[in-house]
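Student: Chain order of the listed sequences is A and B.
Adding 3 to a residue's 1-based position in the first sequence gives its number in this note's numbering.
Adding 3 to a residue's 1-based position in the second sequence gives its number in this note's numbering.
Check before you lean on any hint, since a few could be wrong.
One copy or two, it doesn't matter: identical chains are merged, so the pair holds either way.
[Claimed, not checked] Below, a list of computed lysine to aspartate or glutamate pairs in the EDC-like style, where the Cα atoms sit at most 20 angstroms apart:
| # | residue 1 | residue 2 |
| --- | --- | --- |
| 1 | K164 | D139 |
| 2 | K138 | E284 |
| 3 | K408 | D88 |
| 4 | K180 | E410 |
| 5 | K21 | D274 |
| 6 | K173 | D183 |
The set of hints was computed from the structure by calculation and includes no laboratory data.
Protein chains: 2
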Amino acid sequence: MDARLTLISRTSVPNAKKILLVVIDGLGGLAHPAYGNQTELQYARLPNLDGWVQQRTTATGWIYPVRRGVVPGSGAGHLGLFGYDPLYYNVGRGALEAADLETDEIGRGDVTGRMNFCTVDAEGKVTDRRAGRIKDAVRQADALNQHVRIPGVEIQVIPMKEHRGVLVLKGGNWSPKITDTDPQQVGAVPLGSRAVTAGDVAAEKTAEVVNEFTRQAMQVLKEMGPANGVLMRSFSTAPDLPDFNTVYSVRSAAISAYPLYRGIARVVGMDIIKGAADFKEEVALLAQHRDAYDFFFLHYKDPDSRGEDGDFIGKVAALERFDAAFPDILDMQFDVLAVTGDHATPSVMSGHSHHPVPVAIAAPLMPEDNTAAFDEPSCRLGVLGQMEGGDLMPQLLCYSGKMGKFEGFA
Amino acid sequence: MDARLTLISRTSVPNAKKILLVVIDGLGGLAHPAYGNQTELQYARLPNLDGWVQQRTTATGWIYPVRRGVVPGSGAGHLGLFGYDPLYYNVGRGALEAADLETDEIGRGDVTGRMNFCTVDAEGKVTDRRAGRIKDAVRQADALNQHVRIPGVEIQVIPMKEHRGVLVLKGGNWSPKITDTDPQQVGAVPLGSRAVTAGDVAAEKTAEVVNEFTRQAMQVLKEMGPANGVLMRSFSTAPDLPDFNTVYSVRSAAISAYPLYRGIARVVGMDIIKGAADFKEEVALLAQHRDAYDFFFLHYKDPDSRGEDGDFIGKVAALERFDAAFPDILDMQFDVLAVTGDHATPSVMSGHSHHPVPVAIAAPLMPEDNTAAFDEPSCRLGVLGQMEGGDLMPQLLCYSGKMGKFEGFA
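Work out the full structure: start from the sequences and follow the hints.
Tutor: What follows is the structure, encoded as structure tokens:
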């Protein structure tokens, strides 16, 4: 555990106060020349958010979810906001994709590989890396689970959407530090996996198992075309992060309509509340489960998607939809309410950016703040100042009375 | 040594410029609804401080003495301001309490235990943990120093005020990682001390010595009631921190009427100028010793005490008393003068808080600043910005010309 989380875990104390952290994906924007040099937040009509930040108990600022000069991916941005410094805690995309599977069939210590069912020709060369995007490969996965046998190794294949699946090597004896078998091009044969580092015995053994799996799988799937082959990549193992609830002395839950964000929350140890297909249903779930937890992470996806498309007006509309739902969130009366984003997605850039993201926190005992609107220029002058992702959680704990006095470690 | 102090210690250079750091304990406050939603600093009449920050050469800002989202205890807040990151340097309350003894009889490496002289009945059960709060236990300490004999072990008992004392195990062979003998309740017999971690040989040996000391002490004190027993707790050893004078290239001294703050200063290696019973006498001592040092830490306690009591008007009055004394400090013409606090103690919270604390620095070559008053909202907009405790000392060195150019370590 790094020094910051060590301090927090030794100092945090549970109480009944309720915290809600709303993450608006891709919240931050930039001035767009085609729209009066305004940002999406400035251009949007957001009467509820603006009224909220004008309240005496709401303060604003800017946040760099990882740190200045870093363009956060979805995983890194959220981990930063959750207080897990992505420079310290090694969590790769593979691990987040695996977590995002939302299956109890993967345990801590299991090694997973992303699998494509593919089409190979008579010589074993790949002719279609996605097997014509078949609807699913449930039949193929069943066949592999039934017929592939490697002595002393417990293997499971989990079918996913379309041509996708996951290979799971159960138990703690395997290493994810092996190379892909996916050649990433047609006309090539699947690659033999190797240890990333020569002499890494656990990785060498794991690569042998993967290669034997590939050999047997090609036999089992022979007559099951178009999905008559397998390619694997992004081997990973679930990261062993400090438990969110233990560090922060909370009972936490995550609500998102999108599996990736549920996966990130699961990796840090939050409970996952499933069942929402869109943000409206997310808010309904929040109301329904409000009493059962004292920390909620609520995720709103749309502004990022529209920003990625370079769709300024679409992002504005997404922000206005959030604003329309916001009174229902305010009605739930959380003791501490924070609204921010995991990174900026300026539509003028059509992608994630390093730019800072507005943040607002409402809580009792907040220093005076004169923010007039929830947008980038207004929040820049707020009393929270310019902070990094890791500063957010301890402040939410302080404002909810969940942080004791820090006297030193000894 | 952490990277920051390593950089400073390799870059700082001595010169004749004089720095004064004034720490107003619990300086920061919050708006109080009963007093026009003003903070203590806003409500107080502080003509001298306000006039000082309005000067062209004075700039202001906000400081988080440890970092955002941490509620500093007294030790952590001061260590933060002194540049010793409390997340890196392990200094516990026990070590600060021991340092606060202000006795040259405790050396680096000695293990100390806080001692209560207590009253025990015929069966050895504690009937009064404080021996009726006797005036002092000098007679008992003398008897123990004369009669307790453990072969190969040098032991000293130092009597303190009332029923308190300190057990010192001299030399570097002992470990403080042992459990208390104080059962913290009457009716129980003193506990046997044990190593915190089984198998820790140094700690196990230390616990044996402590238990033998207790056994002999009970014999020696038998007829000396009401103080006829001893209880020990908070075993510690002086932390081995980098020397303040060496790191910062200064000759430093601390002035405080309160032992805890002298103890903190002693732990980092400052000289201690004793003899002040109140702040007025502190200022007189400062004038008297001004020429002998080039760095002074001057501590003013009262605002914290009144804030802890939830006494808004009392804290305001304490701040106004500081303001009345401030011209005498200005008259001493320090080259660099900084005024800040070790943490906020908002009277509306009756305790330490995580909130930022105003800071002001007066020095030549200061960027332009338009601060109108020494209060939280005004200082927030000052040119020093929002900084952390560790940012303060290197800036004071820079403003006094004590920092050379940093070219890198290699």
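Student: Where does the structure disagree with the numbered hints, that is, which hint numbers, in rising order?
Tutor: Of the numbered hints, just 2 does not hold.
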